[in-house]
Amino acid sequence: MKETTVILAKDNLQGLLRKLGRDKSLVAPVTNQWGDTLYTEITDIDGTELDLSKQPQASLKGFFFPQQEVIQTYDTTAGYEFTPQRHIQPTLFFGVRSCDLHAVLYMDMIFSSPERDDAYFARRQDTTIITLACTTPFANCFCNATGSGPFMEYGYDLQLTDLGDRFLVEAGRQQGEQILQAWGHFFEPATEEDVQLQYQLSLEAGGRFQRKVEVEHACRILASGEVDEQIWQQLSARCADCGGCAYVCPTCTCFNIRDAQQEPSKGERIRSWDACTFSGFTRMAGGHNPINSDHALQRRFLHKLKYDVEKHGKPSCVGCGRCVDICFGHVDITTFIEAVVED
Amino acid sequence: MYTPKSAVIKEIISENHLVKTFRLSMVDSQGQTIPFRFEAGQFVMLSVPHRGEAPISISSIPANPSFFDLTIRKAGLLTSAIQEMAVGDHLGVRGPFGHGFPLDDLLGKDLLLVAGGIGLAPLKGVMESCLSWKKVKKLTDISLTLCYGSRTPEDICFRATIEKWQQDGVSCRLTVDEADPSWQGEEGLVTGLLADQSSSGDGYALVCGPPVMIRATIARLQAFGWSDEHILTTLERHMKCGVGVCGHCHLDNTMVCTDGPVFTLSQLQEMKVAELG
Amino acid sequence: MAGLATAFGSGAMTNSINELEDVDVVIVSGSNTTEAHPQIARRILAAVDRGAKLIVIDPRRTALAQEAHVHLALRPGTDIALLNGMMRIILDEGLADDHFIEMRTENFIALRDQLFKIDLDEIAAITGVDRQLMHTAACLYARAYKSTFCYCLGITQHICGTNNVQTIANMAMLTGNVEKENAGVDPLRGQNNVQGACDMAALPACLPGYQSLADMQIRQKFKQCWGVDVPLTPGRTVLDMTHSGHNGTLRGMFVMGENPILSDPDQTKVQATLEGLDFLAVSDIFLTETAQLAHVVFPAASFAEKSGTVTNSERRVQYMHQVIEPIGECKPDSTIIAELAERMGYEMYYESMAEVMEEIALLIPIYGGMHHDRLRSSWGLQWPCPNRDHPGTPFLHKHYFSGGKGHFTPAQHQEPFEPPGDAFPLTLITGRIYHHYHTGTMTRRCASLNRESDKALLQINPVDATTSAIRNGDLVELTSRRGTIRLWAQISEDIRPGQVYTTFHFSEAPVNLLTTGAADPIAKCPEFKVCAVKVARVES
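Protein chains in written order, with numbering that gives the first Met the number 0: chain V, 0 to 342; chain W, 0 to 276; chain B, 0 to 539.
The set of hints was computed from the structure by calculation and includes no laboratory data.
Bear in mind that the values here come from a model prediction, so they are computed numbers and not experimental data.
Where a beta carbon is used, it is the ideal one built from N, C-alpha and C, also for glycine.
Don't take every hint at face value.
[What the hints assert, rightly or not] Computed footprint of chain V on chain W, listed as stretches where at least three residues anywhere in the stretch have a Cβ under 8 Å from a Cβ of chain V:
id	stretch
1	53-64
2	162-168
3	184-197
4	226-238
[Stated by the list, open to error] Distance condition first, Cα-Cα at most 30 Å in a straight line; then the derived BS3-like pairs of lysine-lysine:
id	chain 1	residue 1	chain 2	residue 2
5	W	Lys-271	B	Lys-454
6	W	Lys-73	B	Lys-533
7	W	Lys-19	W	Lys-137
8	B	Lys-268	B	Lys-222
9	B	Lys-220	B	Lys-404
10	V	Lys-23	V	Lys-9
11	W	Lys-163	W	Lys-134
12	W	Lys-4	V	Lys-305
13	V	Lys-265	W	Lys-19
14	W	Lys-73	W	Lys-108
15	V	Lys-265	W	Lys-134
16	W	Lys-19	W	Lys-134
17	W	Lys-134	W	Lys-9
18	B	Lys-454	W	Lys-19
19	W	Lys-73	B	Lys-454
20	V	Lys-313	W	Lys-136
21	W	Lys-271	V	Lys-310
22	B	Lys-268	B	Lys-454
23	W	Lys-4	V	Lys-265
24	W	Lys-19	W	Lys-9
25	V	Lys-265	B	Lys-533
26	W	Lys-108	V	Lys-265
27	B	Lys-533	B	Lys-268
28	B	Lys-533	B	Lys-145
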């Protein structure tokens, strides 16, 4: 049984967010003037319209692991000194989809071993995440197949479920409980009917997925056997080498590090997203590449569905469907899973 | 964990027209030398001003923590930039990283090093350790052998070291792919030197060089009865973090930076490795 | 452009890009589509997955050629011969669309007479393409109900570029594969706004919207709007200018967003011309090789720092939103032009870019209904779009060619300007790769793209590599009658013996030091695709 379950009237949402946004930055989905829905930092809650009806196009990845970040500055004036750069910004994320929170929890594992990644955890610490359960999955979603949605079972601070004119609010972690205690006057008790309705909605949501992706089946096949060489070659031939899948993936965390000189004796060391599908990802200075271009996609798919299962106990695909949307070669992870299962 | 520490160049040895060995000491903010401990076969992430970082194998004997050697061949921007640096210049160092050679298993055993070009660098510390162990323990019945191939006589690295090894009783066999008139020694691939290198049973063969050379050498060694557990090699990969996170050096379910770079042949056979074809 | 205009009355893609997904047969000629037009390639591949047949005409085994049902690996510069051969086969097999020819075209007799003189064995000898393969391809193309012909610079960058295009148009008309959905002739434009630049008459011989320079009524319309008489004589073509010589007739030049030092053929000549000018001004977002020679450089705003429209291959006019304020001192190109004009005594004041678009709509009939308010929140409109209520035109020439009837112009094979010989035994083909754009002004500055491809490679067949004792990855010297560059050998079976291939993205290996200035007499497009070279390994 959940620790605390209460009701938040929709009319009270804005007031609550205004309170919560006082000592933390507030990030929530907003549709901008060009029609893109993104998790956006909100400075003026009264002048901003949240959009909880669409799937944000980017995940939360960039908030904790930015596309580019300066991890150190360096100075060669006297010797060669590096100064680490840390970015700490207490943030409350509201309206996060369960796939995206699952992904953050996965990144927490990735960046914890073998050591805690300072740059990542500096951004990650002191963040609160309030999720919104998906009562209607989007076109490419398959989180039901990856065990990461459409409703959260754990890991959230607060989870909201849309019951029409009100949200059912569940507290999952201590930070969530604290919010309910501190701002108790925004909430009212949940009735048995409310809880029943949420249960009903979660069952209905499960039946509304438009795609059937056999993730578990594929993981089992991959755990025990080899993938037919032809599958790799066919998929790689259609991969356009754009790196889009890795960039939009909420758990793809491979990175590059490079220097950018700013002055004759000063510069920045920059960490940026990378994609294992790029040939430059593995090619060495002399030109030799240990990974054949026929296998450009092997790393990504096996990493997500096999090696991460071995290492962390579950696949590092959260079924958000963003790579399905972005891949213009039609060789996203669902194509691979279908090919493996059919074979 | 990504912040490099300061090292200073103490000495530069020119190995050939493309390769230099840099003797470095880690220093504190006052410029005082601080100890640096490592295993033979480990590597560091080396920072060169404005050129970023690259993984470089340590080529010296691990016995003395006051310095370590990096032997670097001009290949990309970073390795070209370092060739222009001088004694007293500062570099950034992270590490050491990875698993080195299992020295405890190797000391006192017959040892065969098979190296191509700059591939001798990561093996060099092992030979020196075994050689000094042999001297200290006054072991007379173990054999130490080097089979070393270079492209041309000009490309041979560590000439002084090899001469010293020879004086100390290491059987050193050198070959070049393309001889010139000055060359009196063997000509041909390094695998040609392996003809009578059959396994003594508990001896170890250490192999490092370009992928094709590793592949050919391993095949020969297997044919001569070396067991897969006793053939060791060290792999070279694109690396960025050194601690198993950035993903670049992936090899199936392992990371070369943390699970390697030294692997036994039996470990490699479990994976799909370019070096094994 | 010129070739298609003669045949159909208009020089643009006759279909929309999306229509490619529903073709029955597609021929792709002289286009490395997966590298240069990945968004078009994916639609072609989607069509193939659906069951369409793909025919690729290219000397090299490109990625698309590897997916093709028929790959016609012709000798560079023999496109006319090949297509004439295929048309002869179509006639012989009785696959010509007689009804379409009769009703919709003119001058067919001239083409027929010429085709009947052709000897197919001779064609096979000229092109190096097997007769049987030619036959298979011709029948596939002619038998399908919806066949489309896509082509790119491998067709146009030849001394016979215009004739190449006319021959393609001939084949489309011969089989009735124009004037309908999912079938047509589609030139793929190299950049996001080449079509727009042509539409706005960045061409020497016409007024914006391809309107005649000689038509008094049209001249009057422009005079009323601009307050000046438009010159009657056509301007000069790019090559005519950049090759005019050190102390030629050209004395001053203003170059916007182009880097002719690297992108025009015969670099030595271009450099001499630019260095000999009394005055050179360049406007660009980076200090390019050309900008480095300039007396004045205008820092220009990038696409993200300004608003306006671009027109793509399928004639689609799209609005680009400004995302950030211009950085530093840079200004949008339109501001640079307007301020220059003002200082030169001609007032060019517009309230906004929307007002500029209004003027375009007033003066250019095919843009007549294109206004910013219509474009801003949509995926754009395809011209012709004559008025505000017009929905735009997905495919051209529906039931009617712009020029009235389609016109057959027979053409004959013409040998390239500089065939290989004893001193220069190899044919150099130039092209592009996926990760870089043009002369690399922008993409070479992007760390990830530059890591993917950081140096110029010379694709060479193992046979030629062996002859010259070249190993994979060797530094080699490539020499033509005009110069020498250094690049790295990439031994590959994807290129035929006797041919080598490289790209023009790298200033360290400026391939246009080697190419010839020989150009098509009508379109003035230089023959980038063929020149004679020799190769040698650089001793270390």
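These are the hints, each one checked on the structure:
1. 53-64: Per the Cβ count (1), the hint is violated.
2. 162-168: violated (count 0)
3. 184-197: This one is violated; 0 residues, fewer than the three required, reach chain V with a Cβ under 8 Å.
4. 226-238: holds (count 3)
5. W:Lys-271 x B:Lys-454: holds, 29 Å
6. W:Lys-73 x B:Lys-533: Status holds; Cα separation ~29 Å.
7. W:Lys-19 x W:Lys-137: With Cα atoms ~33 Å apart, Lys-19 (chain W) and Lys-137 (chain W) exceed 30 Å; violated.
8. B:Lys-268 x B:Lys-222: Roughly 37 Å separates the two Cα atoms, so the pair is violated.
9. B:Lys-220 x B:Lys-404: Roughly 28 Å between the alpha carbons, so the hint for Lys-220 (chain B) and Lys-404 (chain B) holds.
10. V:Lys-23 x V:Lys-9: holds, 22 Å
11. W:Lys-163 x W:Lys-134: Holds, at roughly 14 Å.
12. W:Lys-4 x V:Lys-305: Violated, at roughly 36 Å.
13. V:Lys-265 x W:Lys-19: At roughly 26 Å apart (the allowed maximum being 30 Å), Lys-19 (chain W) and Lys-265 (chain V) satisfy the hint.
14. W:Lys-73 x W:Lys-108: violated, 35 Å
15. V:Lys-265 x W:Lys-134: Violated, at roughly 49 Å.
16. W:Lys-19 x W:Lys-134: holds, 29 Å
17. W:Lys-134 x W:Lys-9: Holds, at about 28 Å.
18. B:Lys-454 x W:Lys-19: With a Cα-Cα distance of about 25 Å, the restraint between Lys-454 (chain B) and Lys-19 (chain W) holds, given a limit of 30 Å.
19. W:Lys-73 x B:Lys-454: holds, 16 Å
20. V:Lys-313 x W:Lys-136: Violated, because 52 Å separates the two Cα atoms, which is more than 30 Å.
21. W:Lys-271 x V:Lys-310: Distance ~19 Å between Lys-271 (chain W) and Lys-310 (chain V) Cα, so the pair holds.
22. B:Lys-268 x B:Lys-454: holds, 25 Å
23. W:Lys-4 x V:Lys-265: Given pair Lys-4 (chain W), Lys-265 (chain V) holds - Cα atoms ~16 Å apart, limit 30 Å.
24. W:Lys-19 x W:Lys-9: holds, 13 Å
25. V:Lys-265 x B:Lys-533: violated, 45 Å
26. W:Lys-108 x V:Lys-265: Between Lys-108 (chain W) and Lys-265 (chain V) the Cα gap is close to 50 Å, so the pair fails against 30 Å, i.e. violated.
27. B:Lys-533 x B:Lys-268: With Cα atoms ~21 Å apart, Lys-533 (chain B) and Lys-268 (chain B) stay inside 30 Å; holds.
28. B:Lys-533 x B:Lys-145: Distance of about 43 Å is beyond 30 Å: violated.
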